[in-house]
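Visitor: Using the sequences and the hints, build the whole thing.
Using numbering that gives the first Met the number 0, the letters of the sequence shown map in sequence onto residues 0 to 577.
If you're looking for bench data, these hints aren't it; they were derived computationally from the structure. Beta carbons: idealized from backbone N, C-alpha and C, even for Gly. Any given hint could be a false lead.
The calculated label-pair distances, taken between Cβ atoms and stated as ranges, are [said to hold, decoys possible]: (1) A266 x P307: 51 to 61 Å; (2) W26 x L234: 51 to 61 Å; (3) E468 x I231: 20 to 30 Å; (4) S207 x L458: 20 to 30 Å; (5) I426 x L510: 18 to 28 Å.
List time: in silico DSBU-like cross-link candidates among lysine-lysine, alpha-carbon distance up to 35 Å [stated by the list, open to error]: (6) K27 x K108; (7) K27 x K103; (8) K312 x K108; (9) K108 x K509; (10) K427 x K103; (11) K312 x K427.
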Amino acid sequence: MPFHVEGLVAIVVFYLAILAVGIWAAWKTKNTGSEGDRSEAIIVGGRDIGLLVGGFTMTATWVGGGYINGTAEAVYVPGYGLAWAQAPIGYSLSLVLGGLFFAKPMRSKGYVTMLDPFQQIYGKRMGGLLFIPALMGEMFWAAAIFSALGATISVIIDININISVIVSALIATMYTLVGGLYSVAYTDVVQLFCIFLGLWISVPFAMSHPAVTDIGFTAVHQVHQAPWLGSINSLDIYTWLDNFLLLTLGGIPWQAYFQRVLSSSSATYAQVLSFLAAFGCLVMALPAILIGAIGASTAWNQTEYGVPDPMTKKEADMILPIVLQYLCPVYISFFGLGAVSAAVMSSADSSILSASSMFARNIYQLSFRQNASDREIVWVMRITVFLFGASATAMALLASSVYGLWYLSSDLVYIIIFPQLLCVLFIKGTNTYGAIAGYLFGLVLRITGGEPYLYLQPLIYYPGCYPDENNIYTQRFPFKTLAMLTSFFTNIIVSYIAKYLFESGTLPPKLDFLDAVVARYSREHMDKATLVKSDNIVLNELAPVNPRHSLTLTSTFTNKEAFNYVDSSPELSNTEDN
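Guide: Written as structure tokens, this is what we have:
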């Protein structure tokens with residue numbers, strides 16, 4: 000394949016434009032935030048992101064390279080088709096559920112990151128544990144889409160994959176480094192516009208190619224391959240449901256989503272943004288679905304691609320750039336490539352910023368340097384943006400199974416973080432003991448279920464499992480959802496057992512080594528580095544402590560500062576006066 004100078008020029012112009020917008024956004028908002036709140040302004044944009052920019056940036060967070068390429072691939076692959084293209088519906092429902100049930104409680108309490116409520120209720124140790132799957136999800140996701148971008152660019156303009164990955168990562172990291180959420184949000188507006196325009200311009204040209212059969216006919220009739228509408232075998236129903244629930248419920252507990260929620264000017268705005276993004280995800284999936292259908296309706300031996308077809312060559316995951324390359328005019332394929340690279344950068348920058356935000360605030364500040372200055376936190380964020388961007392780039396270049404790692408880490412987000420988020424927001428009385436037990440049970444059940452992408456054999460063989468072509472057993476049973484439910488109920492049961500044992504006097508208070516039941520108002524929850532603004536914490540939001548009558552009050556409240564705080568609380572005084 001010849002080297003395409005025009006394509007390279009088009010990509011360079013596009014990347015420079017995106018970088019310019021990112022730097023402009025950083026300059027425009029450089030004075031946002033008060034003297035001591037610059038770090039918070041970088042993380043949540045001063046909480047003044049409007050509906051238009053907010054809707055675009057939340058949509059662009061999900062509509063990434065994996066979303067577009069994956070949807071086209073699912074529609075194209077024979078035997079799967081549109082029936083297995085679950086991401087558009089799954090992620091849209093995820094955003095709707097997030098808006099209905101999660102956006103309001105998270106935004107109204109003034110949290111800064113997704114991990115804040117966990118550290119407020121369960122303590123900094125549990126926050127650190129939950130940071131691990133959250134970080135893995137964000138980092139492996141960024142690495143996977145950088146890898147997909149490199150392959151896409153190499154198909155269209157035939158340049159070295161490593162160079163394209165490194166340059167793309169540098170651009171995304173650079174404007175995220177200088178502008179934080181503002182740069183990410185404003186570049187998302189440009190990127191989403193490019194995705195929409197680039198893909199929709201490509202569709203009519205690809206559809207009118209002489210080698211393409213009418214996609215309406217091939218949807219239900221076998222011509223070049225099985226109909227692209229696809230079907231679901233009775234044996235695969237539970238696998239389909241398991242994957243669908245993973246996308247729908249597992250798509251909620253991501254810092255990239257809650258960063259947009261928490262940057263909204265109000266809780267109501269946060270809900271509206273979620274609903275707008277759900278609609279945007281559906282709209283943005285349409286051209287990818289059509290491109291997948293076009294790929295399934297093409298006689299590839301009548302094109303320059305030749306034989307065998309992409310499926311036989313094991314290039315089904317590249318069907319979108321292949322359609323752009325071989326079924327569209329040269330200038331159209333370059334424009335479509337800009338759309339794909341835009342999709343990748345719009346998700347990669349969000350993941351890098353999300354990982355950096357959680358580390359700087361929940362690990363560095365709240366766990367180790369509680370008295371750190373705001374300037375120090377800003378510099379920690381900038382350093383970690385660079386480090387996480389470099390790490391994602393290295394994984395994209397070196398890891399042979401980045402997608403397998405991302406699948407596993409996204410499963411951990413669904414199995415571990417989602418049930419913990421449910422408990423911390425909606426189940427009163429859960430504590431650190433239950434959270435740790437739920438974490439461990441979910442982790443063990445997921446790992447023992449195996450992972451074909453990583454050639455990891457299962458230790459537990461659920462009903463219906465079968466060996467694939469590599470002799471790695473694949474589960475048909477919805478074991479991921481089973482692991483999630485087990486984690487959820489384990490958290491509740493162990494929490495209430497621990498609560499009963501300590502409050503009934505069966506276990507002495509000194510055994511409450513995590514300060515989770517008896518010493519609920521410990522220094523860990525009342526230190527100077529508060530998780531939320533002080534005016535957002537009211538006494539009726541704190542779980543009540545019911546000490547044994549045989550214990551003295553001072554022995555129950557081991558933290559005297561917390562005890563004095565409760566005594567002097569204005570709300571408590573007003574209650575007593577009444």
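Visitor: Hint by hint, note whether the structure agrees.
Guide: Now the hints, each set against the structure:
1. In this structure the hint that A266 and P307 lie 51 to 61 Å apart at CB holds, the actual value being about 54 Å.
2. In this structure, W26 and L234 meet the distance hint of 51 to 61 Å, their C-beta atoms being roughly 57 Å apart.
3. As the Cβ distance of E468 to I231 is approximately 21 Å, the hint placing it in 20 to 30 Å holds.
4. The beta-carbon spacing between S207 and L458, approximately 53 Å, falls outside the hinted interval of 20 to 30 Å.
5. At roughly 23 Å, the beta-carbon separation of I426 and L510 lies within the given 18 to 28 Å, and the hint holds.
6. For the hint linking K27 to K108, the alpha-carbon distance of about 28 Å falls within 35 Å, and the restraint holds.
7. Note on K27 and K103: the hinted pairing holds, with a Cα-Cα distance of about 29 Å set against a maximum of 35 Å.
8. Among the hinted pairs, K312 with K108 is inconsistent with the structure: their alpha-carbon atoms are about 53 Å apart, more than 35 Å.
9. The suggested pairing of K108 with K509 holds, with an alpha-carbon distance near 32 Å, which does not exceed 35 Å.
10. Distance restraint check for K427 and K103: the Cα-Cα separation of roughly 17 Å lies within the 35 Å cut-off, and the hinted pair is therefore satisfied.
11. Using a Cα cut-off of 35 Å, the hinted pair K312 and K427 is violated, with the two alpha carbons roughly 54 Å apart.
Hint compliance for this structure: hints 4, 8 and 11 are not met, and every other hint is.
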